[in-house]
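Please put together the full structure from these sequences, using the hints given.
So the protein sequences, as listed, match chains W and P.
2 is the number of the first residue of the first sequence in the working numbering; add one for each residue after it.
76 is the number of the first residue of the second sequence in the working numbering; add one for each residue after it.
Quick caveat, the hints were computed from the structure, so don't treat them as lab data.
Ideal Cβ placement from N, Cα and C applies to all residues, glycine included.
Take the hints with a grain of salt, since some may be wrong.
Under the rule of at most 27 angstroms between Cα atoms (straight-line distance), these lysine-lysine pairs were calculated in the DSS-like manner [as the list claims (entries may be wrong)]: (1) W:K81 to W:K3; (2) W:K81 to W:K92; (3) P:K342 to W:K268; (4) W:K3 to W:K92; (5) P:K323 to P:K342; (6) P:K208 to W:K268.
Here's a subset of chain W near chain P, in silico, CB distances under 8 angstroms, partners left out [stated by the list, open to error]: (7) L189; (8) I191; (9) M263.
Here are the chains, one letter per residue:
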Amino acid sequence: MKLLELRHLSTHYVSARGARVTRAVDDVSLTVGEGETLGIVGESGSGKTTLALSLLRLLPPAARIVSGEIWFEGEDLLTKSHREMRRVRGKRIAMILQDPLASLNPLFTVGDQVAEPLRVHEGASRGSAWARARELLRAVRIAAPETRVREYPHQLSGGMRQRIVGAIAISCGPRLLIADEPTTSLDLTIQAQYLQLLRDLQRDRGLSMIFITHNLGIVARMCDHVAVMYAGRLVEAGPVARIFSSAAHPYTQALLESIPRMADGRKRLTAIDGQPPDPVALPPGCAFHPRCPKVLDRCRKEAPPEVRVAASHTSRCWLAS
Amino acid sequence: MAGPVVEALHLTKHFPVRGGFLARETAVVRAVDEVSFSIEPGRTLGLVGESGCGKTTTAKLVLLLEQPTAGMIRFEGRDLQTLDRTMLHGYRRSVQAVFQDPFASLNPRMRVDQIIAEPLVTHERLGSGEVAKRVARLLELVGLPDRSADLFPHEFSGGQRQRIAIARSLALSPKLVVLDEPVSALDVSIRAQILNLLRDLQAQLGLSYLFIAHDLAAVAHMSHTIAVMYLGRIVEIGDAATVAATPKHPYTQALFSAALPSHPGEKREEIILAGEVPSPLAPPAGCRFHPRCPHAMERCGREEPTLLREAGRLVACHLYEGVIPARS
Ligand SMILES: Nc1ncnc2c1ncn2[C@@H]1O[C@H](COP(=O)(O)OP(=O)(O)OP(=O)(O)O)[C@@H](O)[C@H]1O
Ligand SMILES: Nc1ncnc2c1ncn2[C@@H]1O[C@H](COP(=O)(O)OP(=O)(O)OP(=O)(O)O)[C@@H](O)[C@H]1O
Ligand code: SF4
Ligand code: SF4
Ligand SMILES: [Mg+2]
Ligand SMILES: [Mg+2]
Numbered sequence: 002m003k004l005l006e007l008r009h010l011s012t013h014y015v016s017a018r019g020a021r022v023t024r025a026v027d028d029v030s031l032t033v034g035e036g037e038t039l040g041i042v043g044e045s046g047s048g049k050t051t052l053a054l055s056l057l058r059l060l061p062p063a064a065r066i067v068s069g070e071i072w073f074e075g076e077d078l079l080t081k082s083h084r085e086m087r088r089v090r091g092k093r094i095a096m097i098l099q100d101p102l103a104s105l106n107p108l109f110t111v112g113d114q115v116a117e118p119l120r121v122h123e124g125a126s127r128g129s130a131w132a133r134a135r136e137l138l139r140a141v142r143i144a145a146p147e148t149r150v151r152e153y154p155h156q157l158s159g160g161m162r163q164r165i166v167g168a169i170a171i172s173c174g175p176r177l178l179i180a181d182e183p184t185t186s187l188d189l190t191i192q193a194q195y196l197q198l199l200r201d202l203q204r205d206r207g208l209s210m211i212f213i214t215h216n217l218g219i220v221a222r223m224c225d226h227v228a229v230m231y232a233g234r235l236v237e238a239g240p241v242a243r244i245f246s247s248a249a250h251p252y253t254q255a256l257l258e259s260i261p262r263m264a265d266g267r268k269r270l271t272a273i274d275g276q277p278p279d280p281v282a283l284p285p286g287c288a289f290h291p292r293c294p295k296v297l298d299r300c301r302k303e304a305p306p307e308v309r310v311a312a313s314h315t316s317r318c319w320l321a322s
Numbered sequence: 076m077a078g079p080v081v082e083a084l085h086l087t088k089h090f091p092v093r094g095g096f097l098a099r100e101t102a103v104v105r106a107v108d109e110v111s112f113s114i115e116p117g118r119t120l121g122l123v124g125e126s127g128c129g130k131t132t133t134a135k136l137v138l139l140l141e142q143p144t145a146g147m148i149r150f151e152g153r154d155l156q157t158l159d160r161t162m163l164h165g166y167r168r169s170v171q172a173v174f175q176d177p178f179a180s181l182n183p184r185m186r187v188d189q190i191i192a193e194p195l196v197t198h199e200r201l202g203s204g205e206v207a208k209r210v211a212r213l214l215e216l217v218g219l220p221d222r223s224a225d226l227f228p229h230e231f232s233g234g235q236r237q238r239i240a241i242a243r244s245l246a247l248s249p250k251l252v253v254l255d256e257p258v259s260a261l262d263v264s265i266r267a268q269i270l271n272l273l274r275d276l277q278a279q280l281g282l283s284y285l286f287i288a289h290d291l292a293a294v295a296h297m298s299h300t301i302a303v304m305y306l307g308r309i310v311e312i313g314d315a316a317t318v319a320a321t322p323k324h325p326y327t328q329a330l331f332s333a334a335l336p337s338h339p340g341e342k343r344e345e346i347i348l349a350g351e352v353p354s355p356l357a358p359p360a361g362c363r364f365h366p367r368c369p370h371a372m373e374r375c376g377r378e379e380p381t382l383l384r385e386a387g388r389l390v391a392c393h394l395y396e397g398v399i400p401a402r403s
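Quick look at the structure:
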């Protein structure tokens with residue numbers, strides 16, 4: 002069963018007076034099944050956050066969804082009113098951001114903040130919302146939740162704050178959880194704790210998840226499917242095991258090759274030449290062509306279409322078609 | 076073989092801070108506590124450990140940006156304390172640094188040639204023709220085009236700025252370069268370029284590195300020796316491949332098991348530690364790791380373990396002390 006399906010979604014940022022257009026998300030199609038975890042990987046500026054914000058319709062004013070459909074639980078979210086979207090957010094789709102401090106209010110206690118969505122979306126009384134807040138803190142493995150509910154965000158460590166944000170996100174029992182780089186500010190052993198927590202929550206509650214990251218290791222550990230973005234386009238998507246063992250797109254292949262592996266010791270890395278393109282002046286044709294080791298003549302002029310290379314495995318590359 | 080370029084012996088740095096409820100009360104952050112290591116010519120020492128364990132402070136001590144509370148640094152066998160001014164000057168030239176943030180570390184108002192030439196101009200009285208030649212050679216070394224010399228830092232990408240910072244660090248032909256998180260601010264597709272460049276420069280110029288990073292696979296890739304720090308102490312130090320493949324200290328084991336896999340098929344034992352790193356203001360008594368250690372014994376809360384030889388490296392853990400030394 003598909004919980005979420007994006008069809009040909011394009012989101013652009015338009016500068017004042019329309020002088021500059023950034024095609025931050027360009028013709029992206031993807032699906033997320035019930036209970037599945039999709040990883041979205043890509044370098045800085047490839048459009049990952051814009052894609053997530055488009056889904057939630059939380060885009061900044063300069064952004065425009067210029068085309069596409071976003072089907073979630075059988076409805077196109079793009080046809081919903083702002084009021085209806087507010088109910089979808091927080092209740093059926095929740096999001097965890099990279100910086101936990103940005104999502105917590107320094108002036109309110111932890112208990113108030115975890116209880117708030119329950120009061121807003123479910124009309125729970127203060128007492129029952131606080132009781133459930135304590136339960137949620139226990140679920141995200143905060144020790145001594147009875148005392149923690151009365152504390153303020155600055156009294157907590159980074160790892161604890163991120164778990165509080167997780168508690169808020171799952172408070173109303175969402176079907177889909179979007180996590181945008183949720184562990185980049187955490188230390189390794191704390192990251193391991195948090196990833197395990199997310200996996201347990203997902204299994205216990207049957208959540209679907211979208212995991213946004215630039216770290217392929219997180220994809221390897223956490224995800225069933227992966228979508229690779231480059232310059233606003235989804236260049237390759239498929240089951241994680243298949244992408245890691247037989248990636249079809251030269252960018253994915255190069256990215257996998259360029260990462261140091263513990264077992265390889267001091268073996269030389271295969272680096273990717275050049276640098277990510279300037280999003281307001283993308284190269285013509287395939288945006289990866291100036292860096293692609295397999296570039297063909299045609300790649301410089303024509304953008305490749307998305308091609309199915311195997312069951313639920315697609316690649317946007319002329320070599321695949 | 077020549078001896079080590081730099082040696083640290085029981086190097087210690089305590090920062091006094093105001094603590095407690097009364098501002099007069101002072102406490103001490105034991106940022107670096109009795110740390111010893113040596114770096115041989117042409118070799119890399121990788122320093123790993125979680126935030127706040129003392130990596131940057133160790134680097135600053137080596138760079139003489141901080142004064143040690145105790146312990147000593149030896150440069151080519153000589154205690155820095157015994158060096159005269161000229162020799163100390165020589166040490167400063169021989170030890171250079173590249174930091175994480177290429178955006179913050181370059182003066183935005185200077186052109187690239189001025190940035191790279193600055194150490195040459197202040198330390199060596201060279202004519203402008205000679206300086207230009209050296210700058211051109213340094214740009215070539217780090218793989219930047221000649222015309223970069225006339226541009227400003229903002230005209231470069233993150234990876235290119237890090238190349239500029241590396242060129243500058245090499246201007247005085249140092250022996251040791253301290254690399255504190257040199258690629259963490261860079262895009263994933265750029266990191267391998269810089270790591271390869273650093274490896275090539277090491278081979279070409281015989282440089283030694285002190286390499287600090289959170290990415291354990293990158294440290295394993297760059298280093299000959301790895302030292303693992305926890306709350307200011309080195310808990311394990313030894314050959315990089317050995318430590319990475321068969322860590323012995325329970326903290327090293329947990330740390331390396333928390334490193335993300337490079338492939339979904341890579342199955343590793345996952346050791347999930349409870350709790351978080353305690354405050355360095357009040358490190359736990361005995362073994363500093365004991366409140367989180369899955370193997371902690373009664374003794375661990377009382378006695379601090381010392382580094383002892385175990386399976387080809389040094390480990391500070393009571394698990395590996397076969398015989399309990401008699402106490403008098
Ligand atoms: N508010 C905005 N106004 C104009 N352009 C924007 C805005 N936000 C993002 N962009 C541009 O849209 C593109 C995609 O940005 P986005 O933040 O979605 O990337 P990302 O993949 O999330 O990157 P990162 O890994 O750095 O978080 C970038 O080129 C960025 O400069
Ligand atoms: N100038 C200072 N005054 C007081 N405390 C300090 C000072 N510099 C560092 N510390 C403390 O010393 C400890 C070690 O800090 P250090 O910056 O060396 O850690 P690190 O291992 O480099 O961490 P990170 O991985 O976050 O860079 C920390 O607890 C830090 O708060
Ligand atoms: S379309 Fe051409 S340039 Fe683009 S990835 Fe494929 S081969 Fe390389
Ligand atoms: S000394 Fe004890 S507490 Fe410390 S690491 Fe070894 S077993 Fe664990
Ligand atoms: Mg983002
Ligand atoms: Mg540091």
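Now the hints, each set against the structure:
Pair hint K81 of chain W plus K3 of chain W holds up; C-alpha atoms about 19 angstroms apart against a cutoff of 27 angstroms. Restraint check for K81 of chain W and K92 of chain W: satisfied, since their Cα atoms lie roughly 15 angstroms apart, inside the 27 angstroms limit. A threshold of 27 angstroms between alpha carbons decides the hint, and for K342 of chain P with K268 of chain W the separation of about 21 angstroms falls inside it, so the pair holds. This hinted pair checks out: K3 of chain W and K92 of chain W have alpha carbons roughly 19 angstroms apart, not beyond 27 angstroms.
For the suggested pair K323 of chain P and K342 of chain P, the alpha carbons sit about 19 angstroms apart, so the restraint of at most 27 angstroms is met. A distance of roughly 34 angstroms separates the Cα atoms of K208 of chain P and K268 of chain W; the hinted pair therefore is violated under the 27 angstroms criterion. Taking 8 angstroms as the C-beta contact cut-off toward chain P, the hint placing L189 of chain W at the interface holds, the least distance being around 4 angstroms. Restraint check, I191 of chain W versus chain P: the minimum CB separation of about 6 angstroms is within 8 angstroms; hint holds.
Of the supplied interface hints, the one on M263 of chain W holds, with its beta-carbon coming within about 5 angstroms of a beta-carbon of chain P, less than 8 angstroms.
Against the hints set out earlier in the document, a violation occurs for number 6 only.
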